[in-house]
Structure formats: structure tokens, C-alpha cells
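Protein chains in written order, with the UniProt record's numbering: chain D, 1 to 351; chain A, 1 to 383.
Since the hints were derived computationally from the structure, they do not count as laboratory data.
All values derive from a computational prediction rather than experimental measurement.
Think of the CB as a built atom: it goes at the ideal place given N, C-alpha and C, for glycine as much as any other residue.
Wrong hints could be hidden among the right ones.
Claimed, not checked - Partial list, computed: chain D residues near chain A (C-beta under 8 Å):
1. 120
2. 224
3. 227
4. 334
5. 337
6. 341
7. 344
8. 345
9. 347
10. 349
Said to hold, decoys possible - With the C-beta cut set under 7 Å, the calculated list includes, among others, these residues of chain A facing chain D:
11. 1
12. 2
13. 5
14. 204
15. 205
16. 207
17. 318
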Amino acid sequence: MDFTYTDDQRAFRDAMRALLMVEASPERVREGWELDAGISPQLQELIAAQGLSALSVPEAFGGLGLADTDWALLSQEFGYYAVPDAALNTAYPAACLIAALPDAPSLQQATLPRLAAGELQLAISHPLNPLVADADRADLVLAWADSEVHAVPRSAVDVSALASVDPARRLYRVSLETGAGTRVADAAQGEVLWRELINRSNLAICGQLLGLTQRILDISIDYSAQRKQFGKAIGSFQAVKHHMADVAVQSEFAKPVFNRAAWAVEHGHPLRDVYVSQARLACSEAAALAARNGIQLHGAMGYTWECDLQIFMKRIWALASSWGDAAFHKARVADWLFAPDTEIGPGKTFI
Amino acid sequence: MDLHYTAEQNAFRAEVRAWMQQHVPREALPDYDTFEGFQAHRAWEKTLNSAGYAGITWPEALGGRGASLFEWLIFEEEYWAADAPLRLNQNGVFLLGPTLMEYGTEAQKARFLPRMAACDDMWAQAWSEPGAGSDMAAIRTTAVRDGDHYVINGQKTWSTRARWADWIFGLFRTEAGSQRHHGLSYLLVPLDTPGVTIRPIRQLNGLAGFAEIFFDNVRVPVDCCLGAEGEGWNVAMATAGFERGLLLRSPARYQQTARRLRTLYLANRDAADRDLSIRDAVIRAISATEAYALSTYRTVSMLAKGSKIGPESSTNKIFWSELDLLLHDTALRILGSRAELDTPESRRWMEGFMFAQAGPIYAGSNEIQRNIVAERMLGMPRQ
Numbered sequence: 001m002d003f004t005y006t007d008d009q010r011a012f013r014d015a016m017r018a019l020l021m022v023e024a025s026p027e028r029v030r031e032g033w034e035l036d037a038g039i040s041p042q043l044q045e046l047i048a049a050q051g052l053s054a055l056s057v058p059e060a061f062g063g064l065g066l067a068d069t070d071w072a073l074l075s076q077e078f079g080y081y082a083v084p085d086a087a088l089n090t091a092y093p094a095a096c097l098i099a100a101l102p103d104a105p106s107l108q109q110a111t112l113p114r115l116a117a118g119e120l121q122l123a124i125s126h127p128l129n130p131l132v133a134d135a136d137r138a139d140l141v142l143a144w145a146d147s148e149v150h151a152v153p154r155s156a157v158d159v160s161a162l163a164s165v166d167p168a169r170r171l172y173r174v175s176l177e178t179g180a181g182t183r184v185a186d187a188a189q190g191e192v193l194w195r196e197l198i199n200r201s202n203l204a205i206c207g208q209l210l211g212l213t214q215r216i217l218d219i220s221i222d223y224s225a226q227r228k229q230f231g232k233a234i235g236s237f238q239a240v241k242h243h244m245a246d247v248a249v250q251s252e253f254a255k256p257v258f259n260r261a262a263w264a265v266e267h268g269h270p271l272r273d274v275y276v277s278q279a280r281l282a283c284s285e286a287a288a289l290a291a292r293n294g295i296q297l298h299g300a301m302g303y304t305w306e307c308d309l310q311i312f313m314k315r316i317w318a319l320a321s322s323w324g325d326a327a328f329h330k331a332r333v334a335d336w337l338f339a340p341d342t343e344i345g346p347g348k349t350f351i
Numbered sequence: 001m002d003l004h005y006t007a008e009q010n011a012f013r014a015e016v017r018a019w020m021q022q023h024v025p026r027e028a029l030p031d032y033d034t035f036e037g038f039q040a041h042r043a044w045e046k047t048l049n050s051a052g053y054a055g056i057t058w059p060e061a062l063g064g065r066g067a068s069l070f071e072w073l074i075f076e077e078e079y080w081a082a083d084a085p086l087r088l089n090q091n092g093v094f095l096l097g098p099t100l101m102e103y104g105t106e107a108q109k110a111r112f113l114p115r116m117a118a119c120d121d122m123w124a125q126a127w128s129e130p131g132a133g134s135d136m137a138a139i140r141t142t143a144v145r146d147g148d149h150y151v152i153n154g155q156k157t158w159s160t161r162a163r164w165a166d167w168i169f170g171l172f173r174t175e176a177g178s179q180r181h182h183g184l185s186y187l188l189v190p191l192d193t194p195g196v197t198i199r200p201i202r203q204l205n206g207l208a209g210f211a212e213i214f215f216d217n218v219r220v221p222v223d224c225c226l227g228a229e230g231e232g233w234n235v236a237m238a239t240a241g242f243e244r245g246l247l248l249r250s251p252a253r254y255q256q257t258a259r260r261l262r263t264l265y266l267a268n269r270d271a272a273d274r275d276l277s278i279r280d281a282v283i284r285a286i287s288a289t290e291a292y293a294l295s296t297y298r299t300v301s302m303l304a305k306g307s308k309i310g311p312e313s314s315t316n317k318i319f320w321s322e323l324d325l326l327l328h329d330t331a332l333r334i335l336g337s338r339a340e341l342d343t344p345e346s347r348r349w350m351e352g353f354m355f356a357q358a359g360p361i362y363a364g365s366n367e368i369q370r371n372i373v374a375e376r377m378l379g380m381p382r383q
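Using the sequences provided together with the hints, build the complete structure.
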């Protein structure tokens, strides 16, 4: 029994943090807002040059083959610095799905090394994810069709852009034709593959939400130390402190739920769907409170375009129902929790 | 990260489970805040101690098992799952015990710990005073040095289970004219000393679960001072850390309540589902219970690797006390109009609900806890 991350995992996370602290400043995130891609070219180049797109590609295909618990730490950093979706957060579940395809060696050869090299962009179309991020720039769309997995080239996909509240998100509704030529896994295989993809997409979102929560805590607490009213820093007032303490409590107790979920996905634990949904509900709640209390603490400044709070707050709002709304995740928990044979408690649901 | 129990841990669980099946009384004991119940619970503590289970993390020489914190968690899980009696001497075993290990002299440890484990000495805490609740540094009860004794005068209150206890532990002002957390000493006081008067206070459930203690020239030998004279605040903060941080509220207690809540909901599902927010609350309460268990396993994992409990542990008390409220509030909503009735079905939930009201108040009110989280964990300014 050891519910901690290894020194290596934490060292890798720290290195990523150091990199993003310099390269993914709020100014750089804002630059992306004005561009078609939603991400600044420097940040995009950095992701390719540093091999970040290789993180989840198996070593056999030229990647780093990181495990889900590695990702659990990294995705919090991507959230903290509000790194936009496609290059990392989509690549992780998509690369894992392609690598797990039981009978598509040519697709794997054609995509994974290029993905690792940062030369290939993917998008994912699934009923739980009707707003497909970065579909217009994707070389290939992984598409769900009656549980089958299809790999559809961009040329066969029609996209129409949708504006998101988050100025960095590039969302599209897609229409595409699937057929024998695009099918890379049948429905039976697809059931398994999509299940893991849904779980990993949610892990990626959970990690981002925790990172965003921490960022809002940090910038709000900084602001509360600088901003003075009634002759003292507003952070010294109890009502203000308690807003932040409430966020810290929710966040502290969402983290271990998230860590268990990542471990369960990595090890194929039979209850991984439930654990992922419990994590998602906890992380979403913590993040929503962070956004709410963060803007309250910033006062009128928080309501301005100028204040960087919006970068993180809007990402939280945007991700709220991505890859499953609360109803979806509660249903996954309830289906298990209220089944007649379910046993809960020590030795039953911890591991 | 490895979330599997070791073979030794599984064997330990099996051992505890078998012991509990054999020894836990078939019928629930009378409430420990009645005289009859007090005696029955004291006898139960002795039974526990005969197996080395009273303070399992203590060294064997002092009456424990030298168990790891993982084994402590497993023990607690099996203890609560077996619906074993509440721990009469919990303030002694879980709060004073670890403090004695850290600050006590060898003589004090040998004198107090084995008798505490056997419940030969039943301990009560004596922190609060009429003018010192959340603001514990406002303590005024004095202990004036007179040769090899302290002479205590003043009043303590909200002293849990002091009515029939043998000893108390608490903070007393040993330096005349000292202010706030300076000049306090951590004293251990036998309650049969002349000059001690105990007045029971009836609690919300009708029973005298706590008491006021009056001190009128009470003479206590100086070897009853724990840690250095005048250093009481630091010693007491260590106790507060155990209480809020880990030992007093293991997740197992809430896991057992969560299990009962699930059973209650499923048995009343048709009626309960007329209000879908009840289903929501059941999911939330049970998920939060797991979150508390997971968080504790994380803390124990870190301690096992040699880390210390950090300021983030101040989130614990807020979380478990609000979790307890949610669990019981949800149960009462499921029971509906039956909840108020004194019936076998409702009584335990209502008693738990009432006790849950105290959670956000005792051991440092949750308002104080939020200040601590903001100041020590988040680094926000004090004033």
C-alpha cells in the first residue's frame, strides 16, 4: 500500500511546471485568442520541440509511453497554465486508443510516430463529445459510429465552427461519413476502446480542473494580499479567508479521488468507470467553487477583460459538461452504488 | 503508487475480524454517558486491551502492538464494521497517549500509558473554560507553584466524560500575569484530589456527557506536568494536531455510517425518490466518505515515507465534520416523518444527527479551522 507518487513522477511534473511557467504565460495564452488556432505559434512550436506530443505514444512508436498516473500529474500543470486542448489533452486519450486497436497495424504505423513527432493532429467525435475541439486543424478524426471506431481523414469531414465562452477553445460540429473503409475497430472492440477513451478524456479534464482550481487560489490569494480596503489587505478579513479555505478543502479532498481514478484506469480496475466519475464530480465541484469564489474575491476587477482570472475561470466554465455532464457521471456512480450486490466500505471500494 | 494491501496487512485484517466476531457484544451496550453504560464500556476497554487492541500503534512495552498506521486504519475499519462499542477512553488513548509518547518522561510514560490502555485510568480533556472556547489562549485557571506542587484554582468546562473519569489533562496558567499562549503548562490532574468539584452538564440528548470542573486550591505534584513548565501551549498544539489531523476520527466511522445510509436508502427507495435530491445526497455523501478514506490513506502513505503532517491536515476536521452532518441529514430526509420518533429504526440516526451537530463546534470550531487553513496552508495574512 503506497498512495503517493514516485520521486521520478514528481520530478517530471516539476520540470514541466518550470517549462510552462516561462512559456505559457497569460500573455501568451491571450495571444492565441486572436489566432485561428487558438494557441500561439510559439507555444505550439514548444510543444512539438519539447516532444510533449510524444508523452502518451508508446515507446515502440517513438513516444515516451507515459502511464495514466504520470498524466494525472502533468494534466494538472496543463490546467494550471491553461494550455489549450488539442496537442495534449486530446492526444493523450486518442493516442492510447490508437495504440490499443487490436487489428489496425497500418493505422498505428501511419499515425503514432507522426503524433509523437508533433506532425499529426487528432480530433475525437463521440456522442458524449458533440463539440469537437480543433476539428478543422486535425489530420484525422477518430469517430464513434454505433460503438465502432472509425478513423476519418480531414478531407472527408465537414466542420462548422461554434464560438465558445473560452476564447482559446476552437469547437466545431462535425459531419462525416463512415463506412467499411474508415472502420478500424468493430462494435465489440469499440465498446472496450471507447470506454477507456471516455475514462482518459475525463482524467485529462479532472487534472485540468484541479490545476485551474489551484491557479485561481494562487492568483486570488496574491490579489487579496495586495488589495487594501479599510486600511488593510482584504485577505486579512475572515469572510474573504473562508472563501478561499472552502476552495482548498474541496480541492484537497478531490485530489485523492482523482489519484485513485488514474491508478484504476492504469491498472484496468473493474470499478474504474465509477472511480473516474466520482473523481469528475468532485473535481468539477471544486473547480466551480474556485471560479465562483475567485471572482468574488477579485471584486469588480474580476469582472474585467483585463484581469487574467478570466483565462482560468472561463476554462472551468467551458469544461463543466465536456465528456459527460453531471447527470452522466452520477448515473455511472448510481448504477453501481445502488445495484443489489454492491458492497461498499473498507476492503470493497478502496482498492 | 500501489493500492494493494500486503499479505501481512490482509492477514492482520483477518485476525482483527475474527477477534471482533468473537468478542463484540451481541447486544449494544447502554450509552456510555449512563453509569451502567460507563461501567460496561470500561469493561469493554479491558477486553480490548487483553488483545493489545486498546492502543494498537503504541509500543508493546507500553500496552500496545507496535502496529503501523496502515494497520491502525485496518483495525479501525474492522472495528467499526463490527459495530463494536464506542471508545470510552478515546480522549486518553488517541489524544493524550500520543502526546505522552512525544513529550512525556520515561517515568510518566511507564506510569500512565499501560494503565490508560487498560482503562484502569479513565481520562477526560479539560481545555475549555467559560471565557476560553475557540479562543483557547484566553485560559485563566491558575496553577501556582508551591514547593513540589502546583496549586490550581479556577474552572474548566465542556469536559467530555469527566463525570466518572479518574484523571484530566489540560492547560493551566502557571506564570502569574502571563498573556495568551505564554506561561501555560500542560498538567495531568487526578480527579480524586481534594478541592475538585465536578458538576455534570446535561447534553442535547438528555445525558450528562460532559461536565464543569471547579478547582479550589487543588494540589498537584509537579511530576504531573507534561513537557516543560510554561511550554504547555506547544504540547497542547501537538494534541490538537492528532485530534484534527488523524487519530480521533478515522474514516472507518463514516464508512460504517455510509454503509448504513445505503441500506436505508435502498429499503425506502420508492418514497425517497419522490425527491430526487435525496438520491443525489446519498451519492454525494457516500462519495465524500470515500474521499475522506482515500485522503487518510494518502496521509498515512506520506507518514510511512517519513514525511510530516503538513498544514493541509487542517482541512480534515472541516471535511469530516461536514461529512457527518451530510450523512445523517440525508438519513433523516429518507426517514421522513418517522425521523422524529423514538423508535428502533430512527433512534440511532437521530442520535447520530444530534452528535453530528457538535462536530463543527468541538476540537476547534470550523470557523477557526477555516482561519487556520487560510493562514497556515494558503498563507493569507493574519490580521
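Hints, one by one, checked against the model:
1. Hint on residue 120 of chain D is violated. Least Cβ distance to chain A is approximately 31 Å, over the 8 Å limit.
2. With 8 Å as the threshold, the beta carbon of residue 224 of chain D comes within range of chain A, its nearest partner Cβ sitting at about 6 Å, so the hint holds.
3. Given hint, residue 227 of chain D at the interface with chain A, is violated; its Cβ is 11 Å from that chain's nearest Cβ, farther than 8 Å.
4. A cut of 8 Å between beta carbons decides the hint on residue 334 of chain D: the least distance to chain A is about 6 Å, and the hint holds.
5. Given hint, residue 337 of chain D at the interface with chain A, holds; its Cβ is 6 Å from that chain's nearest Cβ, closer than 8 Å.
6. Taking 8 Å as the C-beta contact cut-off toward chain A, the hint placing residue 341 of chain D at the interface is violated, the least distance being around 12 Å.
7. Taking 8 Å as the C-beta contact cut-off toward chain A, the hint placing residue 344 of chain D at the interface holds, the least distance being around 6 Å.
8. Annotation: interface hint on residue 345 of chain D holds; nearest CB of chain A at approximately 5 Å, less than 8 Å.
9. Because the closest C-beta pair between residue 347 of chain D and chain A is about 7 Å apart, less than 8 Å, the hint holds.
10. The interface hint given for residue 349 of chain D is met, as the beta carbon of that residue sits about 6 Å from the closest beta carbon of chain A, less than 8 Å.
11. For residue 1 of chain A, the interface hint holds, since its Cβ comes within 7 Å of a Cβ in chain D; the closest pair sits about 5 Å apart.
12. The closest approach between the C-beta of residue 2 of chain A and any C-beta of chain D is roughly 5 Å, which is under the 7 Å cut-off, so the hint is satisfied.
13. For residue 5 of chain A, the interface hint holds, the least distance from its beta-carbon to any beta-carbon of chain D being 6 Å, beneath 7 Å.
14. The criterion of a C-beta within 7 Å of any C-beta in chain D is not met by residue 204 of chain A, whose closest approach is roughly 26 Å, and the hint is violated.
15. Taking 7 Å as the C-beta cut-off, the interface hint given for residue 205 of chain A is violated, the closest approach to chain D being about 26 Å.
16. Annotation: residue 207 of chain A was flagged as interfacial toward chain D, and the flag is violated, the nearest CB pair being 29 Å apart, outside 7 Å.
17. The restraint placing residue 318 of chain A at the interface with chain D holds, with a minimum CB-CB distance near 5 Å, inside the 7 Å limit.
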